Structure formats: structure tokens, C-alpha cells
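Engineer: Chains as they are written, first to last, in full-length UniProt numbering: chain A, 1 to 663; chain B, 1 to 681.
If you are wondering where the hints come from, they were derived from the structure by calculation, not from laboratory data.
All values reported here derive from a predicted model rather than from experimental measurement.
Wrong hints could be hidden among the right ones.
Straight-line alpha carbon distances no greater than 30 angstroms define the calculated DSSO-like cross-link-like pairs of lysine-lysine that follow [said to hold, decoys possible]:
(1) A:312 with B:458
(2) B:360 with B:151
(3) B:620 with A:432
In silico contact screen, one side only, chain A against chain B (beta carbon under 8 angstroms); selected entries [said to hold, decoys possible]:
(4) 83
(5) 119
(6) 223
(7) 229
(8) 239
(9) 241
(10) 328
(11) 385
(12) 467
(13) 469
(14) 472
(15) 581
(16) 586
(17) 593
Far from chain B, some chain A residues (derived; all Cβ distances over 12 angstroms) [stated by the list, open to error]:
(18) 89
(19) 91
(20) 184
(21) 197
(22) 213
(23) 403
(24) 459
(25) 495
(26) 533
We put the CB at the ideal spot given by N, CA and C, even for glycine.
The primary structure of each chain is shown beneath.
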Amino acid sequence: MEAAFVYGTAYQFVLTTEIALLESIGSEDIERAHLYFFHCNLISDLTQQCRRTLMRQPLTTLNIHAFVKTMKAPLLTEVAEDPQQVSTVHLQLGLPLVFIVSQKATYEADRRTAEWVAWRLLGKAGVLLLLRLTSWMTVTLQISNIKHLFPFRKRDSLEVNIPQHTNVVFRRAEKEVPLEFLVLTDIDSIISYVEDNVEMEENKDSDVEDPDLDIQDDEVAETVYRDRKRQLPLEVTMELTEETFHATVMASDSIVLFYAGWQAVSMAFLQSYIDVAVKLKGTSTMLLTRINCADWSGVCTKQNVTEFPAVKMYKKGENPVSYAGMLGTEDLLKFIQLNRISCPVSITSIQEVEEYLNGELYEDLVTYSSVSVLGLFSPAMTTAKEDFTEAGNYLKGCVLTGIYSEEDVWILANKHAATLPALLLAKHKDGKIESIPLAGTPAQDIVQIITNALQETFPEITVENLPTYFKPQKPLLILFSDGSINPQHREAILTLVAQKHLDSFTPCWLNLKNTPVGRGILQVYFGLLPPLPLLVLVNQHSGGHVFAFPSDQSITEQNLALWLKKLEAGLENHITILSAQEWKPPLPAYNFLSMMDAATSQHATGKAPGRMKEIDVQENDKERHEDKLTVKKEPVETLRIKHWNRNNWFKETEKSLKPHTEL
Amino acid sequence: MGLSAALWGPLGLLLSLALPPAVGAHTHRDYCVLGAGPAGLQVAAFLHHAGRDYEVFERTPAPGSFFMRYPRHRKLISINKRYTGKNNAEFNLRHDWNSLLSHDPRLVFRHYSRAYFPDAGDMVRYLRDFADRLGLHVRYNTNIVHVTLKKDWQAWNSHYFILTNQKGQVYQCSVLLVATGLSVPNLVDFPGSEYAEGYESVSVDPEDFVGQNVLILGRGNSAFETAENILGVTNFIHMLSRSRVRLSWATHYVGDLRAINNGLLDTYQLKSLDGLLESDLRDLAIVKDAKGKFHITLGFFLEETNASRSADAIPLPQDDNDNFAMRVAYDRVIRCLGWKFDFSIFNQSLRLSSGSEFSKKYPLIRASYESKGTRGLFILGTASHSVDYRKSAGGFIHGFRYTVRAVHRLLEHRHHGIPWPCTEHPTTQLTNSIIRRVNEASGLYQMFGVLADVILLKENATAFEYLEEFPMQMLAQLETLTGRTAKHGLFIINMEYGKNFSGPDKDVFFHDRSVGHTEDAWQSNFLHPVIYYYRHLPTEQEVRFRPAHWPLPRPTAIHHIVEDFLTDWTAPVGHILPLRRFLENCLDTDLRSFYAESCFLFTLTRQKLPPFCQQGYLRKQGLVYTKSLQQHGVESGLLRDYATMGQVLEDSSRQPGDQEPVNQPLGTGHLIHLDSNKEEL
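One chain only, chain A, in its complex shape:
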């Protein structure tokens, strides 16, 4: 009705609900409202049918206005100037222009084609006949593959070069976008090209404008949600309440999982926790319990638990110990198992010491602790013992520690060539026993010695252990292998380690069989999954350069040493640089402030637009444009809405905040 009011003098507006009439017009979908423009002024005889154009856009006032305007515009315009300089109503309405390139010789035929195209594209694009005049057609470019669409960027010259074979020039409504010079064989391909491009823009439009904010993009939240209907065997763990908590943890050694029923990370971990309970069922003296802090928040706060999930171990007569390992079955199981014995455990005979060191004493625990640690003290060394005990306590659940301090300790000292007090480190993998003197070493340093001993020189890197090896901030030298590692390769690297060539690196290897995500890593490095094994140097901490050891060379000590030298000298080219991109919000948020503004300022028409990103746009305009990666190509419509919003914002700010201004 608004349109009829505005254009009523120029056009006749007719409203019909007559189905028969609609069918005779040939409406495809009479369920929906349609707008047709009948070009009746072109005919003189009423028996003739008027040509008609269907409006394809949704029926909004703005669209109708644009549509009527394009109907009013000349069907075909002839130009002989630079297509970039031409301006018609179409551009103002955000519609593209199609230039049919014509020459004197073919002018008549071209004109007919152009008119035909113009009718077909009426309301979608402006059509112009571009006369190719020799005067400005100075240079023709050599284009090797003329059949392909060739985007041609116009630089700051007044001369425009139209490639020789071009017959159609396409100009988008957006400024800055270069002209497209096309070679199209028939009218249909012109039409479909234009329609494709226009439609594509519309689609993009809606994509950018309406990313669905309500689609979960948090992998933990989504997986937990999808799994919500699966029944977990929760009964394998004991559920605690405010009433039962104290009685339970006082009565027996217990592990308590503090979680919140509404929190996804908690609930993901609860699954692993239940798995642990199932695995330990009937074998452990440790009681596995859980308490839902969404119900019993008072208990959790009193236990100093303010973040979920949290695991604590309560043992009689001891302070509760917080579990600080990975939130997964394996690490938690290890923690619980190693805590079955005290830490450090007292060993009372030489015989037992032998069994302890070769892993027989705690056979079932050795799988959880690659190293057995034993402190040797003569009975009088009380402070040294205390320090060691403190260190052992600290390492609870990480490693097996034992203490021996009988009168006959000198036998062991002699056997292992140790000066008391001493530390014996039995590595079960290679059966080696190392001794380290402990005289005057404070507990903290003992912890450090043991933690270092737990680290391997050439470890297999896994999801679980990467943080340990990543901590020293050295570049990682990773050998990717599909399956176990070639012993020769291992030898080569170990030799280099022994020769101190790799001191500034953390050498490691990755088994794709155990750590399939390695494929994802290789994909980022190489794009394609390269042949394995493959050696890669990753320097996350300075610059993010990734270097690959040439795949045509065999991984030998010499080749490696040479490659590393070249690397050091800067003679090697990196294969990729790790993205330094910051972790920005994955999607905008609802901008309630602008919605509220829109509502109060009475400008709101229907759904109030607004996304939080606009705040950023205002404030970081410059920054954003500099950083090309973050600048999304925004279609005109979105930008327009944004400007509208922004104006609105400022207006509203002025109005409602007279005493002071924000921003």
C-alpha cells in the first residue's frame, strides 16, 4: 500500500485474489503473494497482452521501491565510455550492470541481443550496450586461456583495456570490485551468469547476517548433550550428600568427584570417572564417590572446591589430596592405583629392595610407574629422610617411591656405588638402575630430580604427555611414524642426543596408530598426508616455523646433523608457518542493547537487528581493515543495516544520556 501511495500517479496498482486470473498469468506458486509489473505502455492495441515482469525479491516496501525504479529505468542504454565510469539507477539500487560489447560491424545484431537480454534481466541487473571505439581501445591483452572467466583489475589509469575476445563486461554494484571481462557464447549463459552471481550474493548476504547463534559450537557441550539419554552405570560410584559426606570420607579411604550436573566438562569427565569405577570394581580398597555440587554447593565450598570438576582423595589421618592430572580414565586410574600404597612406601629388607627395584614387589603397579624410586638412608639421617618423604608425598599418584633406612643399607650403597643418602631410580623399560647422591638436597629439588628422571630422552609423544615435553619451550623435533618407529631412526636420533647436537630441541616421535590426530597435524603442515616416516621441526615458541627433513634423504645421523646445521645457518626454507591467529569469539552475540534502543526509539520494524560484533566494528574499524584476515567481505545489505544501526545507536545515546556521554 505504501508503494501504491508513492507511485500511484505514475502507475496503476491492482490487487487481486482471483485464482483463475493468477493461473492465467502463469503464477507458479499461487499460495504466496506476487508482484507483477505489466509493461502495458508499450502496446497500443488492447488485444495484445502486455509484457510482464515478476518481482523475485521478497515483498517489502524497500524491494518494491527498487523494483519499480528499475522498471522505470530505460531498458537498454548505449554507452561508449569506460564501464567503470558509467552510473545508472541500478548501481544505486545495488544491482549489477551487464555491458554487451558491440562493434560497428555487428551493431544491429548486438543491439537485438542486448534488448533480449535486457528483458530477461529486468529487475535483476541493468543492461547496456558498450560500443567498442577504436579511440580508447588502445591495447589488447594477450590472454592465453580466454575461455575462462578472467577477473581483470583496473589500476589507476584512465585507459581501460578490454581484452580482445571479451563480449560481455560484468560490473558488480559494490565499489572497489574489479570489472569482470567475460567471453560468453549465448544469451542463456549471460543470464545464468548474472543470476548465479546475484543469487550468490543474496545467499552470502543471509549467511553473514544470520549465522545461527543457537547452534552449539562447543565440542564438549555438544557431545555431552548428545549423550544425555544414555544411562551411565552411576551406581558403581557412591553418591554423597551433605549428610553422608563427612561420615563417608571419615570412614574409609575415598576418592570424591565434585561435579555440577549442568556443566558439560564435569559431565564429560563423569563418564571417565564411571569407567574407572567399573575397571576398579571389586579390586580397590578405595571408595569411589561423587557429589553433585549443583545440589550440595555448601559441601563443595567447604571443601574448597569452587571450580568443577575436581577430584580429591581422602585418606584417614591425612590431609585431602587434590588430583591434578588429566581428566581421563588412564591418568585417574594411575593416580588411584599408585595411591594404594603409601608414598613413599617403607621397605624393610634387602630382599624386598631387590624385588622393589626389579618391579616384582608391586608388579601390578609397575605398569603405572615407568620408574621406581628408592631413597636410601642410614637410620640416623632424619632430615634427609624427612625431605625425601615430603618429596614422595608431593609426587603421590605420579610415581612409585620407596624408602629404605635399615642398618644394613650400606650393602645396597656398595652394590649401586651410591653415597648415602642416595636416590635409586630403576627404569623398568631398560632395566637400568641409576643412583643419585642426595646429600643436602631439599624436597623441592628431589621432586625435580625425580620428575626429570621420568622424562625420556626420545619419548613417543601422545595427547596425554605432550604438555610435559612442551613445557621447556624448546622446538619439537618430531618423527612422525605410522606404527612403531624404525630402530635405525631411533638409533640415529639417540646418537645425536648423546653427542649433544639436540640440546636445544625436544626430540620425540609420534605414532599415528596411537595418536591418530597426528594425521590432522600433518595435514596442516603439508596439506596432503606425506609418505612416512617423516621428521619435522616445529618451532611454536618463536615464529611458528615448521621445517621438514627432506623426504628424499634417509634419516641417518649424518644427514640429520647436516640438516640441523643448515637450519641453524638459516639455509633451509620452512614448509609452513603456524597460524598466529588469536582465538576470537567464534560467532557474534545478540546485541540486546541495540535491540532495546531500537524498541525505545520507535524505529523498530519487525525483527530488530543487531549483533554484538557491531561494537567491535565501531571501535576497531581501523584495526580491522589493517588486519585483512579478519575483514570479512561484507555484502552491501549487511553494511547498510550496520550503518543504520550505528546512526541509531548514536542518536539514542544522545537522547537517553543527556547528562553524560559514553563511548
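Guided by the hints, dock chain B onto chain A, whose structure is given.
Structural biologist: Showing chain B alone in chain A's frame:
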């Protein structure tokens, strides 16, 4: 909360004049509390727990003397909800309007009464137990009859409060906490007002009203409570008040007329003789006729007829206007006009004045509950209601128990250097902290618009401090009041009703009253959490000149968590996801959680890690998925099954800005993704 303080007052004053205290013979206390009602005991409990030097002075021999007499008909209208279906004690306090806050789980009101609307006697019993169990220092039978100031530059506030009791004993206090409630019945002065019986003394025996015509002045809960009691035996009850009745379910203010007392509204609207009238009481006059019946007339009629008070001679409105509504004679007139604060004991030097026209019955105080006139003088409890009169619950136990705690926290910082308690968390816990509080916090829920949680961001927004229940009107002074710094931006968590939802004349049952879609959350009408984000702490000017109807100055960004029928804001997509997006966009970071495998991938393929990986995985606390969770992840397209990843790969590293992180086709993995798409459709 002593009602007869007014009676005791003059007598005490006489005594103190008769026996002037010996100079210097006084007891010093850091904190003196006037009144052992709920507010007095509540602040005493906090002071006691903190080990402060304090004393409570109570006029009567036991705590809670107000409740020994009031409400006259003994039924409390504060709900005692014993079952909520939830175990969370903090949450349950949302629906327990009678308990005070303490660390003793036995001191919860539901152990004292089974009634939903409990008997006032149970409250007396509860308060006595509260004082006894916690061993609070209360000096009973001590009526403070005079309070004055003594300048002393060494005092905490450069002056001491000098309290004199009825025996002339003197106490010197560094801080004075006044919790005397509203103890003086409101009187309206009009000719014949002396004929009206007061709520405080009127008979509560319905037998005394049989076959009578009763006029009640007032339209508050005490008026309706009185009416309710005699509704069945009177001829009719007329209720007269200056303004229209305000129903608490329409205004969302618990001080307005509660549904439990509104039987008279029912009979009025159904034309059963009872009725409601509006008129300014000050224009009225009551005339007693020879038979002892009362007639209503207008004040200026009396002025015209000089002082000759012969009832029959006085003109009545019905003389001119023969259908005047109140032309019948009444047997009784009952005044139920509420109470006001007793200002009489405070010396002028304290400059304790009454509030504006609107809240005349309350002393004037700041949003920090400190008197505007005197530093170190705090008003607690019912008398502090001017801060949120007709808005929130600050005048009632279930509201002021929290404001009292806030005052105590302010004092702990001001005088003992203990900053406002807070917990510190990494940014990854931001969403969790908010969700947890909006789902269980009772102080936010009851004291909506008054107390708000504050999140102070640390530098670079890697961590934050969480402060609970800060008086939000004092936001500009947050740093000096709490001892915390707010240099790097802050969030305020408040609970709000819809802006135009509540009001005495609003229809709160209209068709589209509730909102379900997250994008319409800002239009939520029922109480829902609102989060304000400020880059900088607002200034005093900004707080004072905030836009109309806004509880706080205009923020940089705002988020409404959509109202929830069950007030359970834990829906992953409906509540948590939009909140996370809001927080992410305020902090310009990615607050998603990731499994250890994803973090592993990021660690080796990117220079920067999302906070969740940085604060969890890299500290060896990564989250490992189980088989079934991984499967769901692959199906949803959020995780990739690397084990089945093929040889032909395209470059499709996951970008944080990607909308569909891993949905790009890749080799044999392609098939899986097609499958998953199908499932999603």
C-alpha cells in the same frame, strides 16, 4: 523493633536527667547494635563470627519483641517453603523468607514451623534460639533512650556514639548499627481521629465485631489482615485509603497486598456488602453521635460550624449528596496505617532526618546503608527500606538478611582491612561462575535491583575475581568500599523483571507475557538474570544520571538470560550458549571448551591456544573423551575421526573464526561427513 519505645522514651529521658552519668564511667564497644530483632541479631551473628567487639541493646527481656505482639492475628505472611524439590541450601533460601543467615544448619526456619504461613510465636522462638545458639552478646532490658555524638579525632569515624540507657548508663561506640525497625504507629491527624482504634490495640476476637458496621482506615496488609479476621461476622466492612490498592502479585513487591489477605477484595467485587473506597484521610472527619455511632464527614464542614461539636448539628455529605457512599453510621473505626521509624532518641547532632515525601517513615540513608548525616551510623533491617522501598525486599527478613551482610562486609574492609570476600578463577570459569550463581544465589534473587554480583577482570582478562552481592548503587565507589581493583573491566550480574511489567494497574496475566526465544530475552518479563559489561568502572555521575528505569548506567554491552518458567537457567543452548557468546564478545576471546585431542592439535599447529587449552591441557589437566563422546563429536561434525582419515587431504586446518570448523570434505573422511549431515537433517 520496640513498639512501646515511644512510651518508654519520655520516661527514660526523665531518668537520665535525674541521674546524670558519672563522667568517664562508660563501656566502650567497637560496634553497638540497637534492637535484637531479626536485623539486629543478623548483624550480631556476622560480627560475632568475625570476632568483633560488639553488643546488642534490647529494650525487652527477649529478642524479637515485635513478633510477640505483631502481627496481631499471629499469622506471618512470609512464606516458609519446606520443600522445593532441590537440595541446594542456598537455592532453598530463595523460598525461605524467615530464616536468618548463619553457619548453623539447625537455624533454618523450616525446623521451627510446618506451616506455609507460620505463626508469629514460632518466629519469637526462632529468634531466641538464634541468639542463644550462636551465643550472641545481647544486653536485654536495656532501653537506649538517648544517642549523641562525641567528637574525638582518634575514633574510627572521628567521633564516638554515646548511648544512654534508661538507667543512665553510658556506652561509647565506634560504629552504631540501628536495627530498631519501624516502631511508631502512623497516625493521621483529622477531626475525630481519636475515635479510631489502632491496629496495635484493637480486639482480635471476632466475637467483638458480631453484627457491626466496621470502617478500616488503610489498605496495607495489616488492614486486610484485620478485615480478614472479622469478615464473616460483621454486617460489612468498608476500607478507606488514600490511593488504590496495590496487589503484590501485580507490583512484584512483597510489601503490597498479598493474596493471602485479600478475601475482602473478593466480596467487594462480588457485591457482598463489603467495600473499598479511596479518599485522602486528611480531608475527613469522624463525628460521634449520641448513640455512639460514627459518621463520616468532611473536615471543612467542621471548620464552618466552629467548634460546636454536637454531632447532630454537624453537616454531613449526604445532606447535599444523598447517595454519598459512606452515609451509613459505623460501629467501629479501626486505624491500620502502618508504622514509622522512631527518630526521638537521636540527638540532633546525628543529623538523622527522614526521607523524601515518598519514604517519610524511613531515615535518610545512602545505598551503603550509612546515614547521610553521620559517618559510622548505619540503619539496618526494616528501617533501611528507603533504599528499595516498593522495589525489592530490603524491608523484610528475606531481603535485609543480605543487605546486613553487605554492610558487615563494608565494615570489615573499612575498619579491619579485610577486603570484600571474593574467589579468583581463570577466564575459562567465567560462564560457569555466572551460571552457578544465577541458579542458586538467594541474595541476588530476593534483592534484585539492589544487590548484584560483580566480576572484576584481571589484566588481559585471563582471570577474574568474583564478588557476591555488592550494593549496586555504590558501584562507582566499589574500589574504596571493597578494597578490590576494577581497572580492566567488569561485569555486573543483576536480576530484573521486565521494564514495564510490574505495577499496581498492570495486567500481569496478559497473553504473551512470557518469552521463550533467546533472541527475545531482553523482553523477558519475569525475574531473569541480566549481565552488564563495562570497560571502565562507572563514575558517580554516571550512576546518578543513568537513564530512567535503568538500575545501572548504560553499559558497553548487556545480556539478558531469557526468563525461565522453572528459574533453572542451565539449558545448554537456551541459556549457557548465548551467555558464552556474550562473554566471548565482551572479552574478544574464544571461551569454548575442548577435548585434550583438540588441544593437542592446536598446540602443534598453531602459535596461540584458546584459553581452555592453555589453562587446562597445557597444565596437564586436559579433558579426555570417552568412546561414546567421541562418536557423538564425530557425528556432530565438531570432532574428526582421525583414525579413518585418508591419504588425500586438502588444506582445511581449523580456524577459530570458522563457523563450521571441520565440515570441509576431506578424502575418505568425506563419507563420514555426508552421513553426519544426513543425520542432522
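Engineer: Check the non-interface label on residue 459 (chain A): least C-beta distance to chain B beyond 12 angstroms or not.
Structural biologist: Holds, since 14 angstroms exceeds 12 angstroms.
Engineer: Would you check whether residue 472 (chain A) satisfies its interface hint, that is, whether its CB is within less than 8 angstroms of any CB in chain B?
Structural biologist: violated (13 angstroms)
Engineer: Would the hint on residue 385 (chain A) be counted as holding, given a Cβ-Cβ threshold of 8 angstroms to chain B?
Structural biologist: violated (29 angstroms)
Engineer: Holds or violated: the hint that residue 467 (chain A) contacts chain B, with Cβ atoms closer than 8 angstroms.
Structural biologist: At 5 angstroms from the nearest chain B Cβ, residue 467 (chain A) passes the 8 angstroms test, so the hint holds.
Engineer: For the hint on residue 593 (chain A), does the least C-beta distance to chain B fall short of 8 angstroms?
Structural biologist: With Cβ-Cβ at 5 angstroms, under 8 angstroms, it holds.
Engineer: So, residue 229 (chain A) near chain B? Judge it on the closest CB pair being under 8 angstroms.
Structural biologist: With a minimum Cβ separation of about 11 angstroms from chain B (threshold 8 angstroms), the hint on residue 229 (chain A) is violated.
Engineer: Would you say residue 495 (chain A) is clear of chain B, with no C-beta pair closer than or equal to 12 angstroms?
Structural biologist: Its Cβ never comes within 12 angstroms of chain B, the nearest being 25 angstroms, so this holds.
Engineer: Are residue 239 (chain A) and chain B close enough, Cβ to Cβ, to be under 8 angstroms, as the hint says?
Structural biologist: violated (11 angstroms)
Engineer: Decide, holds or violated, for the assertion that all CB atoms of chain B are farther than 12 angstroms from the CB of residue 197 (chain A).
Structural biologist: holds (22 angstroms)
Engineer: Tell me if residue 586 (chain A) is really an interface residue toward chain B, meaning its C-beta lies closer than 8 angstroms to one of theirs.
Structural biologist: Hint on residue 586 (chain A): holds, closest Cβ of chain B at ~6 angstroms, below 8 angstroms.
Engineer: Does the interface hint hold: is residue 241 (chain A) within less than 8 angstroms of chain B, judged Cβ to Cβ?
Structural biologist: holds (7 angstroms)
Engineer: Are the Cα atoms of residue 620 (chain B) and residue 432 (chain A) separated by 30 angstroms or less?
Structural biologist: holds (28 angstroms)
Violation of the numbered hints given earlier is confined to hints 4, 5, 7, 8, 11, 13, 14, 22; the remaining hints are satisfied by the structure.
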